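Engineer: This is what each chain is made of:
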Amino acid sequence: MANEILVLADHLGGQLSDATLELVGKAKELAGATGGQAVVALLGAPDLAGQITGADTVLTMDHPSLADYTPEAWEKALLHIVNERQPRLVLIANTTIGMDLGAGLSAVWGAPLVAYAVRLEAEGGDIVATAQVYGGKLLAEVAISGDRAICTVVAGSFPAGAGGGSPGVESLAPPSGLDDLKTSFLTMVEPEGGDVDITAAELLVSVGRGIGSQDNLEEVQELADTLGAPLSASRPITDAGWLPKTRQVGKSGLKVKPKVYLTFGISGAPEHLEGMRDAELIIACNTDAAAPIFDVAHYGTTVDLFDLVPALTDKI
Amino acid sequence: MRIVVPIKQTPDLVEELELNDDGTDVDREFLKFVLSEWDDQAMEEALLVKEAGGGEVVVVGFGDPDVELSLYTALAKGADRAVNLTGLGEGWIDSHTRASALATWLSGQEVDLVMAGVQAVDDLDGQLPPLLAAMLGWPHVGVVIGVEGKDNTIQVSQEFGGGKATRLEVKLPAVIGVQAARQPPRYASITRIRQAQQAGGIEDVAVTKPDGDTGITIRRLFEPEKTGHAEMLTGSPEDVADRILDLIRSKGVLK
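Residue numbers (my numbering), protein chains in the order written: chain A, 4 to 319; chain B, 896 to 1150.
Calculated from the structure, these hints are not laboratory results.
Check each hint, because a few of them may be wrong.
Just a few of them, taken from the derived set where beta-carbon distance is under 8 angstroms, the chain A residues facing chain B [as the list claims (entries may be wrong)]:
id, residue
1, H14
2, L15
3, K31
4, E75
5, S109
6, A143
7, K185
8, V192
9, E205
Straight-line alpha carbon distances no greater than 20 angstroms define the calculated DMTMM-like cross-link-like pairs of lysine to aspartate or glutamate that follow [claimed, not checked]:
id, chain 1, residue 1, chain 2, residue 2
10, B, K1121, A, E274
11, A, K185, B, E1064
12, A, K318, B, D1046
13, B, K1146, A, E283
14, A, K318, B, D1007
15, B, K1104, B, D989
16, B, K1121, A, D182
17, B, K1121, A, D198
18, A, K318, B, D1134
19, B, K1059, A, E277
20, B, K1059, A, E274
21, B, K1059, A, D71
22, B, K1121, A, E283
23, A, K262, B, D917
24, A, K185, B, D989
25, B, K1066, A, D71
26, B, K927, A, D129
27, B, K1121, A, E277
28, B, K1066, A, D182
29, B, K1104, B, E985
30, B, K1059, A, D182
31, B, K1059, A, D200
32, A, K262, B, D1141
33, B, K1121, A, D183
34, B, K1146, A, D281
35, A, K185, B, D1046
36, A, K318, B, E1133
37, B, K1146, A, D228
38, B, K1059, A, D129
39, A, K185, B, E1043
40, B, K1066, A, D200
This one's a predicted model, so the numbers in the text were calculated from it and none came from an experiment.
Where a beta carbon is used, it is the ideal one built from N, C-alpha and C, also for glycine.
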């Protein structure tokens, strides 16, 4: 089993994440290079097995405590599986689940971890990962020693697997530790309905930390109103309570794909880019010419937003 | 409730990051280091939990550059104790090392809850909270956006993509990775920070650098290859505004 590449299926509320199939595709490729197999661990939702294509085997484990995700139950189940199978590499999507379990598994299983990976290669018998650091301003090329490793992978790093046949499904017995847990699931909280649906807008005006203060938001709001566009934001703005959570674009907010995405004072942290990089036309205004937002934007300017915003409003 | 908030200093990303001579780390000599933004959120949420139910907040640094200022700021905001764990060395200190040193220090303390930032911009070998929890054998929840204490248990909101969240109940002691506090981090006035500095009160604790390594070797750091770069619009704000409006109109979204 030493050459197995094990993918943890990422799912919540009965929905398998796209990232899972991206990881399966990569696992299959790496398994091909190392002469191993691509295996998926599916915890708590055996009925999702049919949606997983392209792997060699799907391992399902079912238990009342696995049905709704808690880090404790899933970590115990995953540790049990890796102890049994001793995979060469474990791939976990860098979602909330991956942020919990990657490092946890690294400590309890005693395996090196590379977090925020965006590229993975097999070099001889070694795994080489490239990962985002410093808010995506730099990448780190990292060699992982030893015979086991874990990578948490940023969503969208690999294309979804090319499909392929339905893998064989193997059901595993849950470990006894799942009957004695300190964490319990209470309830799922669905997102509140927003005043506007930013995912439906063709034109979005989006603001970030560079706006500086809540008072300055008014001027951008006026521009957005004049353009007939809703105002969206990156995380710091909604965390500060300056705009409702329903306006947040990014990994933990909403994914948007407008025809035009016009940003002011957004530097382009990886979490934000994940939510807007598929917009048809991205125009970014940021005073830092080295800001990562300019790597995904089609047009950019370093003109100060406090000069540009009123100029735009005047001209419409 | 006795709450420990570990904090780390990370390079201020507003500044240009230059690499050291062998290209395996950022050149730290002239970098400005600031409190990791998620740790700032964890500090705020810890103070809210304390204010709601009583107890104490102990803030713990790792000897990072300029950590004293962040520790004094925490005291000015309402933390009860500040501890600085020293001896972990210079340069990049990985999360495994931090978690291990903190776990050792915590074993001699009475603690109910550890609240740390869910991530940091340089935690390449993994996030501190789950590593620490695994080393202590305590339960852990990350990406948390709200903590409420109740006797020996807490209820937390854990955030997922698309605005979804779940409510979990966790028996203490536990480790929580905070994504965002329920309110923006409070402001500590310069006067209050100065007062804290004058009062002193950071407890320096020398720790032994834990054995073992992360099993990962950084071969090189590099700037992402530009698969594309924005075409930059220059000129006066009026010129740039004209170009932008032309672009928006070309997509037919402006009536």
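Engineer: Next step is simple, just say for each hint if it's right about the structure.
Structural biologist: Hint check:
no., hint, result
1, H14, "11 angstroms, violated"
2, L15, "6 angstroms, holds"
3, K31, "24 angstroms, violated"
4, E75, "5 angstroms, holds"
5, S109, "5 angstroms, holds"
6, A143, "5 angstroms, holds"
7, K185, "4 angstroms, holds"
8, V192, "4 angstroms, holds"
9, E205, "5 angstroms, holds"
10, K1121/B x E274/A, "18 angstroms, holds"
11, K185/A x E1064/B, "8 angstroms, holds"
12, K318/A x D1046/B, "60 angstroms, violated"
13, K1146/B x E283/A, "9 angstroms, holds"
14, K318/A x D1007/B, "59 angstroms, violated"
15, K1104/B x D989/B, "11 angstroms, holds"
16, K1121/B x D182/A, "50 angstroms, violated"
17, K1121/B x D198/A, "37 angstroms, violated"
18, K318/A x D1134/B, "11 angstroms, holds"
19, K1059/B x E277/A, "17 angstroms, holds"
20, K1059/B x E274/A, "16 angstroms, holds"
21, K1059/B x D71/A, "13 angstroms, holds"
22, K1121/B x E283/A, "19 angstroms, holds"
23, K262/A x D917/B, "43 angstroms, violated"
24, K185/A x D989/B, "28 angstroms, violated"
25, K1066/B x D71/A, "18 angstroms, holds"
26, K927/B x D129/A, "36 angstroms, violated"
27, K1121/B x E277/A, "17 angstroms, holds"
28, K1066/B x D182/A, "15 angstroms, holds"
29, K1104/B x E985/B, "11 angstroms, holds"
30, K1059/B x D182/A, "27 angstroms, violated"
31, K1059/B x D200/A, "15 angstroms, holds"
32, K262/A x D1141/B, "14 angstroms, holds"
33, K1121/B x D183/A, "50 angstroms, violated"
34, K1146/B x D281/A, "15 angstroms, holds"
35, K185/A x D1046/B, "14 angstroms, holds"
36, K318/A x E1133/B, "8 angstroms, holds"
37, K1146/B x D228/A, "18 angstroms, holds"
38, K1059/B x D129/A, "38 angstroms, violated"
39, K185/A x E1043/B, "16 angstroms, holds"
40, K1066/B x D200/A, "38 angstroms, violated"
Comparing the model with each earlier hint shows violations of hints 1, 3, 12, 14, 16, 17, 23, 24, 26, 30, 33, 38, 40; every other hint is respected.
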